[in-house]
Amino acid sequence: DSGVTQTPKHLITATGQRVTLRCSPRSGDLSVYWYQQSLDQGLQFLIQYYNGEERAKGNILERFSAQQFPDLHSELNLSSLELGDSALYFCASSVGIGVPGLTIYEQYFGPGTRLTVT
Amino acid sequence: EDKVVQSPLSLVVHEGDTVTLNCSYEVTNFRSLLWYKQEKKAPTFLFMLTSSGIEKKSGRLSSILDKKELFSILNITATQTGDSAVYLCAVMYSGGGADGLTFGKGTHLIIQP
Chain A
1 DSGVTQTPKH LITATGQRVT LRCSPRSGDL SVYWYQQSLD QGLQFLIQYY NGEERAKGNI
61 LERFSAQQFP DLHSELNLSS LELGDSALYF CASSVGIGVP GLTIYEQYFG PGTRLTVT
Chain B
1001 EDKVVQSPLS LVVHEGDTVT LNCSYEVTNF RSLLWYKQEK KAPTFLFMLT SSGIEKKSGR
1061 LSSILDKKEL FSILNITATQ TGDSAVYLCA VMYSGGGADG LTFGKGTHLI IQP
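Sequence lines, in order, name chains A and B.
As numbered in the working numbering, residues 1 to 118 make up the first sequence, in order.
As numbered in the working numbering, residues 1001 to 1113 make up the second sequence, in order.
Rather than coming from a laboratory, the hints here were simulated on the basis of the structure.
Computed from a predicted model, the values in this text were never measured in an experiment.
One thing to keep in mind: the hints can contain errors.
Unchecked claim - Below, simulated DMTMM-like cross-link-like pairs (lysine to aspartate or glutamate); rule was C-alpha separation at most 20 Å, straight line: (1) B:K1068 / B:E1039; (2) B:K1057 / B:E1026; (3) B:K1056 / B:D1066; (4) B:K1067 / B:E1026; (5) B:K1056 / B:E1069; (6) B:K1037 / B:E1055; (7) A:K57 / B:D1083; (8) B:K1041 / B:E1069; (9) B:K1067 / B:E1055; (10) B:K1057 / A:D40; (11) B:K1105 / B:D1017; (12) B:K1041 / A:E106; (13) B:K1037 / A:E54; (14) B:K1037 / B:E1069; (15) B:K1041 / A:E82; (16) B:K1037 / A:E62; (17) B:K1037 / A:D40; (18) A:K9 / B:E1039; (19) B:K1040 / A:E75; (20) A:K9 / A:E106; (21) B:K1003 / B:E1039; (22) B:K1056 / A:E82; (23) B:K1105 / A:E75; (24) B:K1040 / A:E82; (25) B:K1041 / A:D40; (26) A:K57 / A:E75; (27) B:K1003 / A:D1.
Unchecked claim - Okay, the calculated bits of chain A under chain B, using three or more residues with CB under 8 Å as the criterion: (28) 43 to 56; (29) 64 to 73.
Yeah, the Cβ is synthetic: ideal placement off N, Cα and C, and Gly gets one too.
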């Protein structure tokens, strides 16, 4: 158990709908990362938040958005869902953001939310 | 474009064998290379490598990074069926004051009894 929690565990919804995935980081961790894992694309980095602010963006679609709240939990919002959005969505957390050349923080992954779009 | 390539994609060996998994990368502003083990759930952290030539060990697993040739290897000795998993290599890079992370597609390791 990494200490990172994600809800829900499974989600089945229809195309065109909108869903919200929730993540609570490990106690004391300020940085939250979102990833998408599908069979054909592998694990893809989506977005990172640090202490409430967006800090890095990866391969995140415009239909997707995220935010980190003052209590440090984060939500990933997926809208206008398509069949291809079916995947496992992971959240990870780390202590800090890292300062280039000085500090590097390892990430701990939550159990994931499996999204099925029908 | 940043990329991380793992080989082989899949590997089947007998219990007790030694395996070597490879990860090569091309990223700008490299910071560290990470190895994860993923079974039927979330990836679990194995190693973080930042310096070239320094081996990291944890039990039967070890890993080393070559920053000149841009690759890393993960060795598993005396393999056990519990080592069966997908092993993911990821490279952390810095850009715009934050870290990004690019994953390889993984090596699917199957250990047969």
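Now for the hints, and whether the structure bears them out:
In summary, the hint linking K1068 of chain B to E1039 of chain B is not supported, as the alpha carbons are separated by about 31 Å, beyond the 20 Å threshold. Restraint check for K1057 of chain B and E1026 of chain B: not satisfied, since their Cα atoms lie roughly 25 Å apart, outside the 20 Å limit. Annotation: proposed proximity of K1056 of chain B to D1066 of chain B holds, straight-line Cα distance about 13 Å (limit 20 Å). Straight-line distance between C-alpha atoms of K1067 of chain B and E1026 of chain B comes to about 10 Å, which keeps the hinted pair within the 20 Å bound.
Under the criterion of a C-alpha separation no larger than 20 Å, the hint pairing K1056 of chain B with E1069 of chain B is consistent with the structure, at around 18 Å. The hinted pair formed by K1037 of chain B and E1055 of chain B meets the criterion: a straight-line CA distance of about 18 Å does not exceed 20 Å. As the CA atoms of K57 of chain A and D1083 of chain B are separated by approximately 33 Å, the hinted pair breaks the 20 Å bound. Taken as a hint, the K1041 of chain B and E1069 of chain B pair is broken in the structure, with Cα atoms around 32 Å apart against an allowance of 20 Å.
Restraint check for K1067 of chain B and E1055 of chain B: satisfied, since their Cα atoms lie roughly 13 Å apart, inside the 20 Å limit. For the suggested pair K1057 of chain B and D40 of chain A, the alpha carbons sit about 32 Å apart, so the restraint of at most 20 Å is broken. For the given pair, K1105 of chain B sits about 23 Å from D1017 of chain B by alpha-carbon distance, which is inconsistent with the 20 Å threshold. Restraint check: the Cα-Cα separation between K1041 of chain B and E106 of chain A comes to about 18 Å, which is no more than 20 Å; the hinted pair holds.
Note on K1037 of chain B and E54 of chain A: the hinted pairing is violated, with a Cα-Cα distance of about 28 Å set against a maximum of 20 Å. The hinted pair formed by K1037 of chain B and E1069 of chain B fails the criterion: a straight-line CA distance of about 24 Å is larger than 20 Å. Distance restraint check for K1041 of chain B and E82 of chain A: the Cα-Cα separation of roughly 24 Å exceeds the 20 Å cut-off, and the hinted pair is therefore not satisfied. Proposed proximity of K1037 of chain B and E62 of chain A is contradicted: the alpha carbons are some 31 Å apart, above 20 Å.
The straight-line distance between the Cα atoms of K1037 of chain B and D40 of chain A is roughly 19 Å, inside the 20 Å bound, and the hint therefore holds. Our distance criterion of 20 Å between C-alpha atoms is met by K9 of chain A and E1039 of chain B, whose separation comes to about 17 Å. In summary, the hint linking K1040 of chain B to E75 of chain A is not supported, as the alpha carbons are separated by about 24 Å, beyond the 20 Å threshold. As the CA atoms of K9 of chain A and E106 of chain A are separated by approximately 24 Å, the hinted pair breaks the 20 Å bound.
Distance restraint check for K1003 of chain B and E1039 of chain B: the Cα-Cα separation of roughly 23 Å exceeds the 20 Å cut-off, and the hinted pair is therefore not satisfied. Under the criterion of a C-alpha separation no larger than 20 Å, the hint pairing K1056 of chain B with E82 of chain A is inconsistent with the structure, at around 43 Å. This hinted pair does not check out: K1105 of chain B and E75 of chain A have alpha carbons roughly 26 Å apart, beyond 20 Å. Under the criterion of a C-alpha separation no larger than 20 Å, the hint pairing K1040 of chain B with E82 of chain A is inconsistent with the structure, at around 25 Å.
For the hint pairing K1041 of chain B with D40 of chain A, the CA-to-CA distance comes to about 17 Å; that is within 20 Å, so the pair holds. As the CA atoms of K57 of chain A and E75 of chain A are separated by approximately 15 Å, the hinted pair is consistent with the 20 Å bound. The hinted pair formed by K1003 of chain B and D1 of chain A fails the criterion: a straight-line CA distance of about 30 Å is larger than 20 Å. Coverage of the segment 43 to 56 of chain A by chain B holds. Counting CB-CB distances below 8 Å, 7 residues qualify, and the rule asks for three or more.
For the segment 64 to 73 of chain A, the proposed coverage by chain B is not satisfied: 0 residues have a C-beta within less than 8 Å of a C-beta in that chain, short of the threshold of three.
Figure legend: structure checked against the earlier numbered hints; hints not met, in rising order: 1, 2, 7, 8, 10, 11, 13, 14, 15, 16, 19, 20, 21, 22, 23, 24, 27 and 29.
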